[in-house]
Amino acid sequence: MFSRAKQEKTENGARSSHLEMPLPISLSTLSFVSFCKFHCVSKDLPTSSPGISITSQRNIRFHEQWGKSSPVCAALLDTISRMYFFVNPANFIQYCNPWRHFKLWQNYRTLVKSFTPVLQERMNKLQQDRTAKGKTLVDLIVQALDAERAEQKGAGQDDKDQLNMELDADFLEMAIGQINTFLFAGFDTSAATIAWLFRLLSEYPDVLAKLREEHDAVLGPNAWGVAGVIRENPQLLNQLPYTLAVLRESMRYHTNVGSMRRGEPGFFLVGPPGSDPGFEGKKLPTEDFIVWDGTYAIHRDPEIWHRAWEFLPERFLVTDPEDPLYPPPNGWRSFEAGPRVCIGQHLATLEMKLAMVLVARCFDIECAWEEWDQINGTTNSEKARPTVWDDRCYQVGTDSPPRVKDGMPVHVRTRGL
Numbered sequence: 279m280f281s282r283a284k285q286e287k288t289e290n291g292a293r294s295s296h297l298e299m300p301l302p303i304s305l306s307t308l309s310f311v312s313f314c315k316f317h318c319v320s321k322d323l324p325t326s327s328p329g330i331s332i333t334s335q336r337n338i339r340f341h342e343q344w345g346k347s348s349p350v351c352a353a354l355l356d357t358i359s360r361m362y363f364f365v366n367p368a369n370f371i372q373y374c375n376p377w378r379h380f381k382l383w384q385n386y387r388t389l390v391k392s393f394t395p396v397l398q399e400r401m402n403k404l405q406q407d408r409t410a411k412g413k414t415l416v417d418l419i420v421q422a423l424d425a426e427r428a429e430q431k432g433a434g435q436d437d438k439d440q441l442n443m444e445l446d447a448d449f450l451e452m453a454i455g456q457i458n459t460f461l462f463a464g465f466d467t468s469a470a471t472i473a474w475l476f477r478l479l480s481e482y483p484d485v486l487a488k489l490r491e492e493h494d495a496v497l498g499p500n501a502w503g504v505a506g507v508i509r510e511n512p513q514l515l516n517q518l519p520y521t522l523a524v525l526r527e528s529m530r531y532h533t534n535v536g537s538m539r540r541g542e543p544g545f546f547l548v549g550p551p552g553s554d555p556g557f558e559g560k561k562l563p564t565e566d567f568i569v570w571d572g573t574y575a576i577h578r579d580p581e582i583w584h585r586a587w588e589f590l591p592e593r594f595l596v597t598d599p600e601d602p603l604y605p606p607p608n609g610w611r612s613f614e615a616g617p618r619v620c621i622g623q624h625l626a627t628l629e630m631k632l633a634m635v636l637v638a639r640c641f642d643i644e645c646a647w648e649e650w651d652q653i654n655g656t657t658n659s660e661k662a663r664p665t666v667w668d669d670r671c672y673q674v675g676t677d678s679p680p681r682v683k684d685g686m687p688v689h690v691r692t693r694g695l
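Those letters in the sequence shown? Residues 279 to 695, per our numbering, in order.
Calculated directly from the structure, the hints in this document are not laboratory data.
Some hints here could point you the wrong way.
Across the chosen pairs, the derived CB separations fall in these ranges [claimed, not checked]:
| # | residue 1 | residue 2 | range |
| --- | --- | --- | --- |
| 1 | Gly-544 | Gly-455 | 29 to 37 angstroms |
| 2 | Arg-693 | Glu-592 | 21 to 29 angstroms |
| 3 | Gly-616 | Lys-560 | 21 to 29 angstroms |
| 4 | Cys-374 | Glu-581 | 38 to 46 angstroms |
| 5 | His-624 | Pro-563 | 34 to 42 angstroms |
| 6 | Arg-509 | Pro-563 | 51 to 59 angstroms |
| 7 | Arg-585 | Gly-544 | 33 to 41 angstroms |
The C-beta atom is built at its ideal place from N, Cα and C for all residues, glycine as well.
Given these sequences and hints, build the entire structure.
Below you can see the structure in the form of structure tokens.
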């Protein structure tokens, strides 16, 4: 996570890292997501999702924290950058750019070249033994698509005829599409959330102290050996209620995603009290429109959340519905709900809990705005140091999941444990 950081000596001799927070975290989350699809571990990790474990026989990693990016990572990131602009209709003209279409085709070919051997291996194993069902995400994708294809071909065929030794183009396209869905959605938003998590923990030392106490009590006092503890007993990650509460409150406090819905005939949005003149009480049709749900506004609405503008992880530990801090039904929408619920929410939750467990007791992380201003020559310029709600850290960007302003420059210091 810190291999690309610039290091310096502190007064007490500890190493300090000055880095832009989301970059190394993005690379770490991408490595984690790829690990959960392809890599072999000794025990199943607790995903809280029945039927999905992280077990495989093929050691495939992207190695994103070691030097130059892999072709898969480069193709993924380039594809994402060329797709996000559709959020802004003014950039629609870019759709006609021939170079964009060529790069998307080239990136897809890179992914096909990288993933085809893995899919072919899974397919061959499934053909050899139809009772041996793997549980990695790739295995589940192959099995689901195979079952769908078998159903389409009709009953009465020999099971061995359902699978071809070579992947056909349609099957390959569907399988890679499913893999890409997890890769695209599984690392960028999680990376931003982890960055906000550590920023909030640095701003609320009492919360950080309680978090570390829970980790000491459940995972043992050896912070640097916690990876081995989890490897031997991964279910311990499900015994960290305060850690989960901190995660959920962070996602409420700094929501970085939302979802869209298709408008329906007869469904209207109504201007709330206090709207601009002419809009209060006005019914606005949604038919033929795409409605963005505004999750950030919901999570900060004082009429929905008690003490909405305060960071209070304890609210997610309240069990009494009569308590004002009790989370309102359907009020927490960080992963959305219903048929549009995030398909990777359990994986993302596991990923972010692991990040806190592995980092919170070993490192102190704090924003480094003063050094950032010195580097960029903005120390004496208020205009060059904008704030939102008197905070230098805020979300920016309209063509992708919101990112932290200026990459959230931080100092990372090892703790004297």
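CB of Gly-616 to CB of Lys-560, is that within 21 to 29 angstroms? holds (27 angstroms)
Is the gap between the beta carbons of Arg-509 and Pro-563 within 51 to 59 angstroms? holds (55 angstroms)
Could you check the hint for me, namely that His-624 and Pro-563 are 34 to 42 angstroms apart, CB to CB? holds (37 angstroms)
I want to verify a distance hint. Is the separation of the beta carbons of Cys-374 and Glu-581 within 38 to 46 angstroms? Once the Cβ atoms are compared, 45 angstroms apart, the range 38 to 46 angstroms for Glu-581 and Cys-374 holds.
Kindly confirm whether 33 to 41 angstroms is satisfied by the beta carbon distance between Arg-585 and Gly-544. holds (36 angstroms)
Is it true that Gly-544 and Gly-455 lie within 29 to 37 angstroms of each other by Cβ? Once the Cβ atoms are compared, 34 angstroms apart, the range 29 to 37 angstroms for Gly-455 and Gly-544 holds.
Per the hint of 21 to 29 angstroms, is the separation of the Cβ atoms of Arg-693 and Glu-592 within bounds? holds (25 angstroms)
Of the numbered hints given earlier, the model fails none.
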